[in-house]
Amino acid sequence: MAQAEAAAGPAGGPPGGPMVTADGVPLKTSLRRAERRRKITALLLVVPLLAFILLTFIIPILEMLWRSVDNPALVRYLPNSIEVLQEWDGEQLPPEEVFAAMVEDLRVGQESRTIGQVAVRLNYEMSGARSLFTRSARSAEDFEPPYRDALIDANPRWGEVTTWRLIKREGRPLTASYYLSAFDLTYDDHGSVVRQDENLRIYGQLFLRTLVLSLAITLLTLLLGFPIAYLLATLPLRYSNLLMILVLLPFWTSLLVRTTAWIVLLQQQGVINSLLVGIGLIGDDGRLQMVHNWVGTIIAMTHILLPFMVLPLYSVMKTIPPSYLRAARSLGANPLVAFVRVYLPQTVPGIGAGAILVFIISIGYYITPALVGGQSGQLISNLIAFHMQNSLNWGLAAALGSILLAGVLVLYWLYNRIVGVDNMKLG
Amino acid sequence: MKFLALSTTALAAGALLAVAGAGQAQAQSLTIVSWGGAYTESQVRAYHDPYMAENPGITIINDDSSANALAGIRAQAQAGNVTWDLVDMLPSDAQLACDEGLILEIDHDEMLAAAPDGTPASEDFLPGSLGDCFIPQIVYSTVMTFNTEMFPADNQPASIEDFFDVENFPGRRAIQNRPGANLEWALFADGVPIDEIYEVLETPEGVDRAFAKLDTIKEHLIFWTEGSQAPQLLADQEVSFATGYNGRMFAAAEVEGQPFAIIWDGQIVEWDGWVVPAGGNNIDAVMDYLYWATDTQRLADQAKFISYGPARASSAALVGEHADLGIDMGPHMPTHPDNYQTPIVLDNDFWTDYGDELRERFSNWMLQ
Chain W
3 MAQAEAAAGP
13 AGGPPGGPMV
23 TADGVPLKTS
33 LRRAERRRKI
43 TALLLVVPLL
53 AFILLTFIIP
63 ILEMLWRSVD
73 NPALVRYLPN
83 SIEVLQEWDG
93 EQLPPEEVFA
103 AMVEDLRVGQ
113 ESRTIGQVAV
123 RLNYEMSGAR
133 SLFTRSARSA
143 EDFEPPYRDA
153 LIDANPRWGE
163 VTTWRLIKRE
173 GRPLTASYYL
183 SAFDLTYDDH
193 GSVVRQDENL
203 RIYGQLFLRT
213 LVLSLAITLL
223 TLLLGFPIAY
233 LLATLPLRYS
243 NLLMILVLLP
253 FWTSLLVRTT
263 AWIVLLQQQG
273 VINSLLVGIG
283 LIGDDGRLQM
293 VHNWVGTIIA
303 MTHILLPFMV
313 LPLYSVMKTI
323 PPSYLRAARS
333 LGANPLVAFV
343 RVYLPQTVPG
353 IGAGAILVFI
363 ISIGYYITPA
373 LVGGQSGQLI
383 SNLIAFHMQN
393 SLNWGLAAAL
403 GSILLAGVLV
413 LYWLYNRIVG
423 VDNMKLG
Chain R
205 MKFLALSTTA
215 LAAGALLAVA
225 GAGQAQAQSL
235 TIVSWGGAYT
245 ESQVRAYHDP
255 YMAENPGITI
265 INDDSSANAL
275 AGIRAQAQAG
285 NVTWDLVDML
295 PSDAQLACDE
305 GLILEIDHDE
315 MLAAAPDGTP
325 ASEDFLPGSL
335 GDCFIPQIVY
345 STVMTFNTEM
355 FPADNQPASI
365 EDFFDVENFP
375 GRRAIQNRPG
385 ANLEWALFAD
395 GVPIDEIYEV
405 LETPEGVDRA
415 FAKLDTIKEH
425 LIFWTEGSQA
435 PQLLADQEVS
445 FATGYNGRMF
455 AAAEVEGQPF
465 AIIWDGQIVE
475 WDGWVVPAGG
485 NNIDAVMDYL
495 YWATDTQRLA
505 DQAKFISYGP
515 ARASSAALVG
525 EHADLGIDMG
535 PHMPTHPDNY
545 QTPIVLDNDF
555 WTDYGDELRE
565 RFSNWMLQ
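From first to last, the protein sequence lines stand for chains W and R. Throughout the first sequence, residue numbering follows this note's numbering, covering 3 to 429 in sequence. Throughout the second sequence, residue numbering follows this note's numbering, covering 205 to 572 in sequence.
Where hints are given, some of them may not hold.
Partner residues are not named here, just some residues of chain R that face chain W (Cβ under 10 Å, in silico) [said to hold, decoys possible]:
1. 278
2. 430
3. 436
Simulated DEER-style distance windows between Cβ atoms [claimed, not checked]:
4. 397/R with 174/W: 41 to 47 Å
5. 78/W with 422/R: 51 to 57 Å
6. 231/R with 137/W: 40 to 46 Å
7. 391/W with 375/R: 29 to 35 Å
8. 409/W with 407/R: 34 to 40 Å
9. 416/W with 461/R: 54 to 60 Å
10. 541/R with 217/W: 53 to 59 Å
11. 391/W with 423/R: 27 to 33 Å
12. 395/R with 250/W: 57 to 63 Å
13. 541/R with 266/W: 37 to 43 Å
14. 531/R with 143/W: 48 to 54 Å
Please keep in mind that the hints were generated in silico from the structure rather than gathered at the bench. Idealized CB from N, CA, C, for every residue including glycine.
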């Protein structure tokens, strides 16, 4: 813009006529061009970031959402059986043609080594389905008609109506069963949705626990972080720099080292317990259990996430002039009133930012609870990791992840309604 | 656009370099996936280093990802980019991968060396250990271990029943956070004969019975996830008993000198071995390595470094002393006659069928 103006200067169009630049282009057009060029340059600068976010964030999330309902195995690898099962009413055992189609599918599946995927998929819904399919497929070559008797001979489960109902139900390209599992629901023998058997209900409890522990950790980091941030903002630079290094020091240490250090400190034969026994506060047989349970998760995560609370608080407190507090005091407020009515309201943007940062990080935390949490300190992300790595039920992992994502979005929306996102200052 | 053009150039240059490199020295690198720690160490010393010495053109790269091997093989197959050449995994996972066509089928007598006396591989490997796609290396076991310092010398535990007896043998116990081994032990301690354990576990009443037995000691339990946690908890005297893999317990007791004793009663025995992912780039080289690394002498060599039993019958006679400590390895092997009195052989078919449901129930039980 400055260039365009400078160029227009010496040329100085005739008074009253449109202003033009040195090369005769109307000033308005020239300005617009310069503006457009600048916009394109700016856009080009952010393109790498946009592409990066798209590739590493948006697409994986979309894929996760897709996986949580995607159900390709049966449609793809039992095509004949699925087709003839459409005619079946689901009341009695299906007719011979369904069994014949199944034997055909088993033969093809054994030949192309695809029957395993069907077996794994159905075993999530019915224990024993895996061997039902893989073993029958191995001997499918030798089956003779009538196939109904041959299959039931090979494994009596082929003679159960529920097996066939399950195959028919899951023989659709999309499934709701992962979400049902994630909400501790299941199908009964007749295909209606019921609550999971009491012994198998896990996820609801875990979601609730994740929420409660994350809130507790957020509250603790606020209680511990507020005075630190206040000190940082008010101490002379010499001391506050040193304090700042102490706050940042954990960032330079590996997460695993910090977590392991907590185990050393907190375990029953650890430093703290031995110290307490040494000074006679507790007996040798009354050592406290502070790790391998939810207490350990809270302590270690509070420590690890503390800087995420301190830094936003500090950046806000730094901008609050100390004279406000002095003014309040000189106008007659006692220290408590001055703090609550003058200082605290001004730190709300920092509290908001720190709280939401700590809460959102902790709701998806994984490695620390896995190491110090024992069984009562596990969070939902530990179960998601379990299904990703051990049980390999990626559909269920995706469903749990999607629910977690939706939950965070809802909480964020609530937070926006109550506190207001504009009212938040990250630094 | 520039960004794209640049990265394309870089890729092309990289490819050129790779081609040039392959042409020059015919160097080939094999990525071998295993369990890490003392176990990988034993493979490096028994197999990888001697093999690389004999075949200067081959470089072996270790990847400690076996704990998530099946997930990794699946992901690589789906992405169409198989970078693992050889993977060490458990037979149950190998069976799943085999059924899904993710790993190569093995013609045992064709692809594996015969025993020195000419016995074909299919007869030399221990009965039931070979799979369609699976070549066993070792027999390992999950064992109950206790810290001898935590019990008086005249009252040391000796059986799985003692593990469930918190009156006479107090202290907390560390078990793995999954049902495998734990449910078997619960039924074993509750009086179920070894050869009926899996029959009982297939019934809902049997599962209830196993959980009821575990309930009796639940408040004394803590749960470990990683194999290295168990010996650590035991060494720190956080617990008085811990379940764990016999090789790690051996390493802690004999190499580090921890006061551990193993209860071989009711040891849970399983195989561990190699599979070859389908679609890799170095299949020929891997097959050559496999033929060599699974012969009688090589399997016996591995037992010099870790207390896991070789999977070939002909190797047993060749097992000698520990390479560094000089102690006789025989008595530390799960398959030694003194130790192999009451073994529970892990039933992989059972766990692949009922694992999904029992793991959910176990997780739920841990939470309550």
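Taking the hints in turn, this is what the structure says about them:
Interface hint status for residue 278/R: upheld, as the beta-carbon distance to the closest one in chain W is roughly 7 Å, under 10 Å. Satisfaction of the interface hint for residue 430/R is found here, the shortest Cβ-Cβ separation to chain W being roughly 8 Å, below the 10 Å cut-off. Given the 10 Å rule on beta carbons, the hint for residue 436/R holds: about 9 Å separates it from the nearest Cβ of chain W. Hint check: residue 397/R to residue 174/W, Cβ distance near 45 Å, so the stated range 41 to 47 Å holds.
Between residue 78/W and residue 422/R the CB atoms are about 44 Å apart, so this pair departs from the stated range of 51 to 57 Å. Taking 40 to 46 Å as the suggested C-beta distance range, the pair residue 231/R and residue 137/W conforms, at roughly 45 Å. Range check, residue 391/W to residue 375/R: Cβ separation about 31 Å, and the 29 to 35 Å hint holds. For the pair residue 409/W and residue 407/R, the supplied restraint of 34 to 40 Å holds, since their beta-carbon distance comes to about 38 Å.
About 57 Å separates the C-beta atoms of residue 416/W and residue 461/R, a value consistent with the hinted range of 54 to 60 Å. Against the hinted window of 53 to 59 Å, the Cβ-Cβ separation of residue 541/R and residue 217/W comes to about 58 Å, which satisfies the hint. For the pair residue 391/W and residue 423/R, the supplied restraint of 27 to 33 Å holds, since their beta-carbon distance comes to about 29 Å. For residue 395/R and residue 250/W, the hinted distance range of 57 to 63 Å is satisfied, since their beta carbons lie about 59 Å from each other.
In this structure the hint that residue 541/R and residue 266/W lie 37 to 43 Å apart at CB holds, the actual value being about 41 Å. The supplied range of 48 to 54 Å is met by residue 531/R and residue 143/W, whose beta-carbon atoms lie about 52 Å from each other.
Of the numbered hints listed earlier, the single one contradicted by the structure is hint 5.
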